[in-house]
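2 protein chains.
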Amino acid sequence: MKLKPIELNGRVRLRDRDAQPPRGVPADEELKARTDRLVERLDELQSALFAEHERALLVVFQARDAGGKDGVIRKVFGPLNSSGVSVASFNAPTEDELDHDYLWRIHAAAPRRGTIGIFNRSHYEDVLVVRVNELVPPKVWKKRFEQINQFERMLAESGTTIVKFFLHVSREEQKQRFLERLDDPTKNWKFNPGDLEARNRWDEYDQAYAEAISRCSTPWAPWYVVPADSKKVRDYLVARVVVDTLRRMKPRFPAPDPELLAWRDKIV
Amino acid sequence: MKLKPIELNGRVRLRDRDAQPPRGVPADEELKARTDRLVERLDELQSALFAEHERALLVVFQARDAGGKDGVIRKVFGPLNSSGVSVASFNAPTEDELDHDYLWRIHAAAPRRGTIGIFNRSHYEDVLVVRVNELVPPKVWKKRFEQINQFERMLAESGTTIVKFFLHVSREEQKQRFLERLDDPTKNWKFNPGDLEARNRWDEYDQAYAEAISRCSTPWAPWYVVPADSKKVRDYLVARVVVDTLRRMKPRFPAPDPELLAWRDKIV
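Top to bottom, those sequences are chains H and E.
If you read the first sequence in our numbering, its first letter stands for residue 1, the second for the next number, and so on.
If you read the second sequence in our numbering, its first letter stands for residue 1001, the second for the next number, and so on.
These are calculated hints, taken from the structure and not from any lab test.
The structure displayed is predicted, hence computed values, not measured ones.
There's no promise every hint is true.
As the list claims (entries may be wrong) - DSSO-like mimics (lysine-lysine), calculated; alpha carbons at most 27 angstroms apart, straight line:
hint, chain 1, residue 1, chain 2, residue 2
1, E, 1032, H, 266
2, H, 190, E, 1266
3, E, 1250, E, 1187
4, E, 1231, H, 175
5, H, 266, E, 1266
6, E, 1250, H, 190
7, E, 1190, H, 187
8, H, 187, E, 1250
9, H, 190, H, 250
10, E, 1187, E, 1032
11, H, 2, H, 250
12, E, 1187, H, 266
13, H, 231, E, 1266
14, E, 1032, H, 232
15, E, 1190, H, 250
16, H, 266, E, 1250
17, E, 1187, H, 250
18, H, 190, H, 175
19, H, 32, E, 1175
20, E, 1032, H, 32
21, E, 1032, E, 1175
What the hints assert, rightly or not - Example chain H residues on the side facing chain E (calculated, C-beta under 10 angstroms, incomplete):
hint, residue
22, 79
23, 138
24, 244
All C-beta atoms in this analysis are idealised placements derived from N, C-alpha and C, irrespective of residue type, glycine included.
Can you build the whole structure from these sequences, using the hints too?
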């Protein structure tokens, strides 16, 4: 059970049933065990990436409200050494950010060499919420797909491997999660009427997500659509892609300094 | 088994035997279970702090090389929701940072309201390594204790609760950890000759740490000396202080919006 990247300009399926676990998915307990093993492997790979200090990995998460971004980040990246992980959340831009181009704040948060950078939302908001709410005219956001592709290509060519995940939840699952939030006094503060507005424009968002994902799933920065109605399936599938991606990067611990053995005797 | 804050201008004991677990410490397994429970409690308290969005918690870690800063941060704060935690590591300052006062980069990394900010090293380096290596003259670093106290007081009065930990490892334990690093090909890249230099100036650092901790353990930003030769004891003691500190802050979930129930019916 493994996700494939979306084909560039290919068809993106965001039907409700595509949010459900794929066929042949193992039972929850087995899935959880597999995810735990993947996270251990990720931990080792991250150490090597950090030690090597040459390249970076950028992991982008997009989702509808209650789509599970916080949850998957905590599960997959929480156990890692925090020195080598940065998480940047992109909410509505500040005045200072609005005084610059839309990629300015994104670029500033790009991960350092040796680290894994996680984007909780990203520059894709500028072709999603910005498009649906008509915050800029179509001739502006339409140019952004190519701008984003070129920006990501520059990052990739400069040593940052990129993977992007859309956590796909169904309309029914979102409803359940909203209701759970409202009924839980430790969670109901998270709810805001804006979330309902976005829900009411479900189909417009569908179209915006599908176009963004399809047009920007490049060989150097592929998009993955994660069936995310089940949290355990979501965590496993994301961990699997991240581990495979890092494995292909083959990060290597630097060769030991020839003087190391000499130092050994100097520790008194 | 609970740490007490160091008394302002009080005596700080950094003898080797003070790095060992205190008397009456439970067995490793029991300690680990207790730490896990504390981390769960921390998770709940963090949710409330985040929801309340009024105040912040700043946790400062200082230690000698191989003192365990990364380890304790991963163990105690790794499991939390990353949206509400930021970790800032302060290494040797960049040119840009050196063109400003020593608190400039520190201030820029202060945690946002609602979040927990962790400093992996901090402005205390400016009265530690800077002092021992004579990077500035004594009349400069001597003024810093009071400057730091006033800076931290301003933060505290503006809503940021501060706790500071010195992870105290003994000379023998550091030696063991250095040797382990050198013998492990996934870790020996971490070793650099500068670490040995600092080790050779053990007593000078002792004095610098003791003075910094004693002079800057204010009521609004107390220092704790953590016996850190045992990793499990270290994790437990830190988790205990952090949880107690957050508990005293009494973060509260905001009262539910009276319109919440009305929204409930609008989710279609």
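In rising order, the numbers of the hints this structure does not comply with: When the structure is compared with the hints, numbers 1, 3, 4, 5, 7, 9, 16, 19, 23, 24 turn out to be violated.
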